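Chain order of the listed sequences is A and B. Per my numbering, residue 19 is the first one in the first sequence, and the count goes up by one each step. Per my numbering, residue 84 is the first one in the second sequence, and the count goes up by one each step.
Hint data in this document are derived by calculation from the structure and do not stem from the laboratory. Note that the coordinates shown come from a computational prediction; the quantities given were computed from them, not determined experimentally. There could be a bad hint or two in this list.
Simulated pairs of lysine-lysine, DSS-like, Cα-Cα distance not exceeding 27 Å [as the list claims (entries may be wrong)]:
#, chain 1, residue 1, chain 2, residue 2
1, A, K620, B, K561
2, A, K99, B, K560
3, A, K211, A, K450
4, A, K570, A, K620
5, A, K99, A, K134
6, A, K570, B, K561
7, B, K613, A, K567
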Amino acid sequence: MKTSKELMCMVGLFLLTTVQAQEIEFGKISKEELLEKEYALDPEAEALVLYRGQNTYLQSASGITRMITEVHERIKIYSKKGFSHTTESINLYNRGSDREEVRKLKAFTYTLENDKIVASELDKDQIFENEYSYNYDQVKFTMPNVKEGSVVEFKYSISSPFIWNIDEFRFQRDIPIKHLKAELRTPEGFNFKQTQKGFFRLNAKISKKRDHRLGRDVVITSFDLSNIPALKAESHVDNIDNYRAGAMFELVSIDIPGVPYKSYAQSWADVAKTIGSSSDYKNELDKTRSFKNELESMLVGKTDYLEITNLLFKYVKDNTEWNGLDGSSFQNGLKKTLKEKKGNAADINLLLVAMLRYAGVKANPVILSTKENAIPMFPTLDRLNYVIAHASIDGRDFYMDATEEFSDINLLPIRDYNWGGLLVDNHNKVWKHISHIAPKKAENIYSVNCQINEDGFAEGSYKSRLTNHSAYQFREKFKGYDLDEFLNELESIYSGIEISEYDAKNTDTFDGHLTETFAYETENGADIIGDKLYVNPLSFLRIEENPFKTDKREYPIDYGFPFRDRYMITITIPEGYAVESLPANLHMNLPNDLGTYKYVIKNVGNKIQLSVTFEINSAVISALNYLELKEYYNQMIIKGSEQVVLTKSTDEYKESAAGSR
Amino acid sequence: MRYFFLLPFYFLSLLGFSQDSDYQFDLLDSELVENANAIFRQDEMIISILSKKDLVLRRKKVITVLNELGDQYAMAYVGYDNSRKIKSISATVYDSFGNRIEKIKEKDFQDFSAVDGNTLYSDSRVKYYRYTPIQYPYTLELNYEVSTKNTGEIPATWLFLKDFMVSTEQSNLVINFASPDLEPVLKEKNLEGIEVLKNKTTQSIQYSVGKVRAFKEESLCPSFEKLAPHIKIRPVNFHYEGYDASINNWSDLGIWMSENLLRGRDELPAATISKVKALTSGIDDNLDKAKIVYKYVQENTRYISVQVGIGGIQPISAIDVDRVKYGDCKGLSNYTKALLKAVGVEAYYVHVEAGRDQVNFDQDFPDLAQGNHAILAIPYNNQYYWIDCTSQVHPFGFIGDFTDNRKVFVIKPDGGEIVTTSSYLNEQNFQLTEGLYTLFEDGSIQGELEISTKGIQYDDRFTLADQSEEKIEKHYKKHWNNINNLNVGSYQFENNRNEVRFTEQLSLSAANYASKSGDRLLFAANVFNKQQYIPARYRNRKLPFEIQRGFLDEDKFTISIPIGFGIEAIPEAINIDNKYGSYNLLIEEIDGKIILKRKLLVKSGTYANTDYSGFRDFMKNVSKYDNSKIVIKPIL
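Only chain A is shown next, with the shape it has when bound in the complex (with noise of 0.2 Å):
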């Protein structure tokens, strides 16, 4: 972090003040802009911004800088539904007396009333606002006189004693934006990088400008967007902020005359050395006094330091509780963690360095940012919100997340999956990024044996063997319900099936794998169609829908963990019935060696054996490879849906078969 009492002085020796030349005056609403049906870009959306402005400098008054943002928003509503962006909500943020303020807030209402505009205005009666919660205070309006055609606009201005905080800006939205400029800026001599993400190219435009009321130069960064279309959701997305069109902006330097020169800029090795500098990670965790009693019976005579990793990692996790919060610094602290039995993510995973260190292991914290805190685009701490534990042993490596009750050694919680992580090794001076924290493929067998009968009925026995995230997942879920909901819910799942004699094990533990097994029956174990009986051989466990629908996809596919998924059935089929014909074998595969689909199916005797595996490489998926994957399950559902036909046998055979038994 930034000191900004530093930088508030530096600052000081500025006056900023804004001179804005916008095309887009506020309040010149044309008739075409009212008349507007549809935007041709997309006829479909149901609002469009028409404009948006936003600009974003630094201020000084009576030798008190705040940063400003200046919004400008104009919006078209084409149907009912786009009545939703005529409300705005303003979260300002506050710490202690430093408060973030709406100022000069204007806005209209635009309609056209017998080809007349009719202008209604925000009254202030109709700004609400409201203490949100501890940190935020929230202004909130939505505006008078809507109705579909409408023209909406408002500007206000956001002045924040935050300068060093450039939020994000965000040039994405669900509704497609036909205009955007925006611009930020910076005194001279104060050097940003700019961070651009999302599909969109922006073309930032930088340029100098005197101010001669000033006597100072300023840099403006500056966006000229058009015609931005809309941000669509769509499934098997890590987060949708990673995609979202927009640019950050972080301090690196600032060299201007008379002052020394100071560097900001960092890489992540950079980031990673700073935090090692904090105080929870310099002292804290070579500290042991607290739970120095605790640990010294159980480690005594424990020389093997995988054994001893394995001990501690599972007293933390039965001896804390996670209270739901990230963090990459200590919220309670080493002892008051262990006291309560409770922290967040750094209390917990910090205090497992701490032990491993304590016990001698070569442990260090390594910092992250989970999926819903998306992907740090930039070296910065700001971006990274979490912590886990590392241990190296014998030049192997080891990531351990204690927060979770599932999670295991190398196994962890889906969320640390998304952008590899900053080890923080103090001892040995390595401060750097490690970009191959990946999941382990979860290898799954499910097992059935099954009977059916000459009327369809058909009774079986289901076994299943799952490891990794996949047990992960299954407990998860499992501990969620109570045992009879849990088995209305897998009914449900795998419809037209009767289960009893359930029974899971290995469901409380994290480690290991994990077994299912249950007896079932059914009375759709064949369709009967004439005197021939029509099986479906994957029977309940086939998929029958397609997870991907639309037809194109920008965003890759994320599956969480890479698995391979083995079903192995055996069919015993009715006595005085023979098989006349089986569904052809099948092997597919994904390119570059993504995934594989087999199905093999034999008849031996009175019965059918069935393999199918399904395996799918990587958690990540290319929106590249999109078309192929649908398309990769959708020959899988036609596989899934082949049959086996069954015929009463001849005499002959029936005399044969009698006969060699």
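Could you slot chain B onto chain A? The hints should help.
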């Protein structure tokens, strides 16, 4: 329609005698643990009505939480606003041995605005403490005291059992009143089968209930409120935000509402009056006028909720709504009523409990706490036409499943009455699907069909017309998730608002619909209306079940098969008729084509627990026969 108003009767059901109890888990009665996620060890509310303008409520709850699913009952929160003040609040947490592990003082509670997503502003706030459990079971004790001048806000319900899968060890309700005229009226509900100690004096009423066992929710069962033992409480002589009231019957309440909260709220600017008069000029019939006014409201206003002070039950004035063109259900209903009045049409303001689950107002229990929504009733030809002014899309007089078929409170200037709203039952909820499709040799199908819906089925479908192309396509792909590779070719909708009928015309295709077995093709003839819902199975069903509305589906299809193919097998005709409904399926070959006729009626009704498996079997059979397959093969 999704619009509720909030009465600030959020004393929920949550105070009491302080004593040092032993919260040791081991000493618990095992019957209380059975089926329970949490146990209310002690649940107490002491209401003291000190005067007409002074009510103090003390609440104590001690909850042992057995697992994560029980955490929600141990949330330490209390709501307040400008009239309702929290005088004290504290909580204590105990471990399973009854040792105190955490003490939470007033300053530890966080303070939040209680605004939900649908509300622009509300002055309701909440004090809340989030306890992170470190082990199960644990016990949380919450004590608080609140006071209000609004004696009309006395908690309306005291539940002796708080929810499904929660048990009660001890539950006490005490109501003290300073004088006989402040005594509230109480009504006992579902107290059969539990032991209740009652004590009444001239200045207090006490109820004390011991062990109440937990039970589970079952699919299609009545709502918890309909099953749970509870006491209903209503004030007779009370004060509410500057207004005094004496309520003995619904008529009193109607007069009180009309003369206080609704009075003078229906004035309108002259310009607006002349506008609606102009819109209806030349029209004599009141119903026709009402339709025009309703359309005007639908086109010119929208739903936005702002709740301040008495705004929980009093509508904002028609003048204010006219100015901003938005309001909540109360504001928009009152505004529409005022517009109707301006054109000479009488309409009544109505309180209703809205939601998919039909909940009746209690005929002999007049209070302000019932209901969460406001609509209008327009009397015409000896019947009422109901309109929901928060909907911008519903046809006039059609209220859908949000407020249908339930007892509501119609407020009239000279009183008020309990009336049942329009119902939509059984064959009124009708869907007719007609069409044809061709099966090709490669297993793909292509067809055209028309679906027309009425009643609640209309309600489920008609908003489709306003969706984007992308959403419409998604809707159909989800609706027909039994058809892999569905491709929606074209579609066209007609929303007949007068007849309340929605028609969808579609052309569809799907690759690989039929599956191949050798040279045979195998396919389920009923492509477009497969019953996929099978009610959950219970090994031992305990609760009765309800089908609140019922429906009728009819399907008629003509199916062409590839040239050179003949039918090898075709399903037999099926006719089922029982107390739950009926099912008829007829698939026959006529002149080389296959004709499918299907009819499914599911009747509304309330049934005993023992009928459940019969109903399930019925639905299971329907699902099975809907999947009946035809086999065709090449003719040599």
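Outcome of the hint check:
no.	hint	verdict
1	A:K620 / B:K561	34 Å, violated
2	A:K99 / B:K560	22 Å, holds
3	A:K211 / A:K450	21 Å, holds
4	A:K570 / A:K620	37 Å, violated
5	A:K99 / A:K134	24 Å, holds
6	A:K570 / B:K561	17 Å, holds
7	B:K613 / A:K567	20 Å, holds
The earlier numbered hints that this structure contradicts are 1, 4.
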